[in-house]
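A.B. asks: So the protein sequences, as listed, match chains Z and V. Residues 0 to 454 (numbering that gives the first Met the number 0) make up the first sequence, in order. Residues 0 to 162 (numbering that gives the first Met the number 0) make up the second sequence, in order.
Misleading hints may appear alongside valid ones.
Rough simulated footprint, nothing fancy, chain Z against chain V, three-plus residues with beta-carbon under 8 Å [what the hints assert, rightly or not]: (1) 9 to 18; (2) 43 to 54; (3) 64 to 70; (4) 94 to 108.
Pairs of lysine-lysine residues, derived as DSBU-like cross-links and limited to a Cα-Cα distance of at most 30 Å, are as follows [stated by the list, open to error]: (5) V/K150 / Z/K160; (6) Z/K160 / Z/K240; (7) V/K109 / Z/K132; (8) Z/K223 / Z/K240; (9) V/K104 / Z/K132; (10) Z/K132 / Z/K160; (11) Z/K132 / Z/K240; (12) Z/K223 / Z/K179; (13) V/K109 / V/K150.
Hints listed in this document are in silico derivations from the structure and should not be mistaken for laboratory results. All residues carry an ideal CB built from backbone N, CA and C; glycine is no exception.
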Amino acid sequence: MHVRLADAAYPIGPAAPRESYLNAARLIEVAKRSGCDAVHPGYGFLSENAAFAQAVVDAGLTFIGPPAAVQRALGEKTAARRLAREARVPVAEGTEPLRDVAAARDTAARIGYPVLLKPASGGGGKGMRLVAKADELEAAWRGATGEATAAFGQPALYLEKAVEQPRHIEVQIFGDARGKVLWLGERDCSVQRRHQKLIEETPAPSIDDELRERLGDAAVRIAKAAGYQSAGTVEFLVDAKRRFYFLEVNTRLQVEHPVTEMVTGLDLVALQLRVAAGEALPFAQPDVVRRGAAIECRITAEDPFAGFIPVSGAIALVREPNGPGVRVDSALFAGMTVPDEYDALLAKLIVHGRDRDEALTRMRRALREMRVAGIPTSLPFHRHALYEPDFAAGRYHTGYVAEHWPPADRPDLPDGAAAAAALVAVLATRSRSERSQVATVYSAWALAAREDALR
Amino acid sequence: MRYEVSLDDRRVRVEITPDGRFTVDDRAIPADVRETVRHRQWSVALDGETHEVTLLTYDPLRVDVDGRDVHASVIDERSLRARGSAARPGGGRFELRAPMPGLLKAVHVKEGDVVEREAPLVTLEAMKMENELRAPGPGRVVRIAATAGTKVEGGSVLLVIVE
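Work out the full structure, taking the sequences as your base and the hints as a guide.
C.D. replies: Structure representation (structure tokens):
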């Protein structure tokens, strides 16, 4: 889709990410050949790779994002934790990068299970494993090492004490080249499976203004300590007692940035371009006003009825919702093939409302309107969650998906809908199995009228 | 022709007469069914209501009706007779298939094992992620059709469970 919408397109190599989207030398060579003057890394692949940011600058181009030095200071997770401690921001107990699984076993025994095993480089939850007890550690180590290598080209892992029933709350920060750093509000991204986010919203329903200010303040302290520039996100875990712990900094624009754009009215990508061009942020902290509430659902090519396993295949039909307060950032079109080499994200459905209730109502309506046919998608999960009482009340933490999906029981199908679905199921399977040209209209009314006319 | 359709937990009997009339659960209904997107979407008007039905996937059959997703299956009367009146659509036997091509990292069960619903059966690596495939219901593993450590094609049978 991005290629179809682009003004110019250049081949960057084969589908395997290692040979194209992760191939920094090739990307820079193409960038120079195309005559462009700046590179925006998006939010996957090399977007958090300091070496790439440096290589872009070395090639005489502008990197749209935090400078390589900032990425280096924050991108390596254990270094970021040190920096947070120095900025007097609370950090969950954890370690430096670990040598091997034996070192992990010793450390886990010392700080106590459950622990989280995490890649030292990278982000987005890839390669992360929750280890509940000692005998799960070895398998988790193997899986996490493999995923970390595949996703970030770096096998290094570290351990962190797991915060129980945490909410994943992150703060959007923005800095310019003149040392100004602002925070633009927070997002609750606790609805996750396999540490991959499914729903994000702002404001976070579980925290009050006082805690929100403290989180924003902590995020700005860390960002200033690192000399932050451009868009970034400081992630925190907030436990049931409202204590918060610094988690990591994502040194890039994030997938879920639209919810912040909806409530602030800011265009974060445009701001990134201005800051990359050397301009100052054109406003101050008191000018950042957040209005109403926004929710994002990540519609993915995953089958929620099969443990959210990623699926690939052809998209046969797409209908995206619209209307007041509805935004769809989408890669979908009918006829496209969802490849199996990339992340499963297909579209982001974002709504804005005067308050959370209006945003919920709009999201329910938008999810009801949206259609994606051809492959299974996460839509059934999102539709369920938006009506589920705990989500609707804002009572949720990172265990939400495990606790509420698959649903124990679903509301009965109304009789009319059941009759319609049954008729279509029969007609569709019949026309398919007979491979015949079936008339496209079956109308008892039309038939009755014809019979009347013949009588 | 008569059909038995299952929609999630619900069963509906559908008959289409040779002259194109419909009955649903033995009640004749005046229905206006229009295929709005070929092989994919239908608009159904009945009893003063209109419903939109979208075929999400054919195998397994999943439909969206009015923004609600439903797992469906259709059996015609010949198949019903062949199975005997007690047979339930889809019941009794489950083939675990690879939902997409990938590397079968591990098989967690062996032939003869009795498994509960949601029991982990195999780990499949695909799209850079390891995915655990779980049992859809309780049953006994009667056949293991794939070997751990090998690549599997999308759609290939990995193992078979009977209730």
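A.B. asks: When you check the alpha-carbon spacing of V/K109 and V/K150, does it fall within 30 Å?
C.D. replies: 19 Å, holds
A.B. asks: Residue count check for the stretch 64 to 70 of chain V against chain Z: does it reach three with CB-CB under 8 Å?
C.D. replies: holds (count 7)
A.B. asks: With a cut-off of 30 Å on the C-alpha distance, tell me whether Z/K223 and Z/K179 pass.
C.D. replies: Holds, because 8 Å separates the two Cα atoms, which is no more than 30 Å.
A.B. asks: Are three or more residues of the stretch 9 to 18 of chain V within 8 Å, CB to CB, of chain Z?
C.D. replies: Check passed, 5 qualifying residues.
A.B. asks: Taken at face value, is the distance from the CA of Z/K240 to the CA of Z/K223 at most 30 Å?
C.D. replies: Distance ~28 Å between Z/K223 and Z/K240 Cα, so the pair holds.
A.B. asks: Quickly compare the C-alpha distance for Z/K132 and Z/K240 to 30 Å and report which way the hint goes.
C.D. replies: 24 Å, holds
A.B. asks: Check the hint pairing V/K150 with Z/K160 against an upper bound of 30 Å on the C-alpha distance.
C.D. replies: 36 Å, violated
A.B. asks: Okay, the stretch 94 to 108 of chain V and chain Z, do three or more residues pass the C-beta test at under 8 Å?
C.D. replies: With 3 residues closer than 8 Å to chain Z, the stretch 94 to 108 of chain V meets the three-residue bar; holds.
A.B. asks: Could you grab the alpha-carbon distance between Z/K132 and Z/K160 and see if it respects the 30 Å cut-off?
C.D. replies: Within the cut-off at roughly 12 Å; holds.
A.B. asks: Would the hint linking V/K109 and Z/K132 be met if the CA-CA limit is 30 Å?
C.D. replies: 25 Å, holds
A.B. asks: Quick check: the stretch 43 to 54 of chain V, covered by chain Z? Criterion 3+ residues, Cβ under 8 Å.
C.D. replies: It holds: at least three residues are needed, and the stretch 43 to 54 of chain V offers 8 whose Cβ sits within less than 8 Å of chain Z.
A.B. asks: Between V/K104 and Z/K132, does the CA-CA distance stay at or below 30 Å?
C.D. replies: Within the cut-off at roughly 22 Å; holds.
Figure legend: structure checked against the earlier numbered hints; the only hint not met is number 5.
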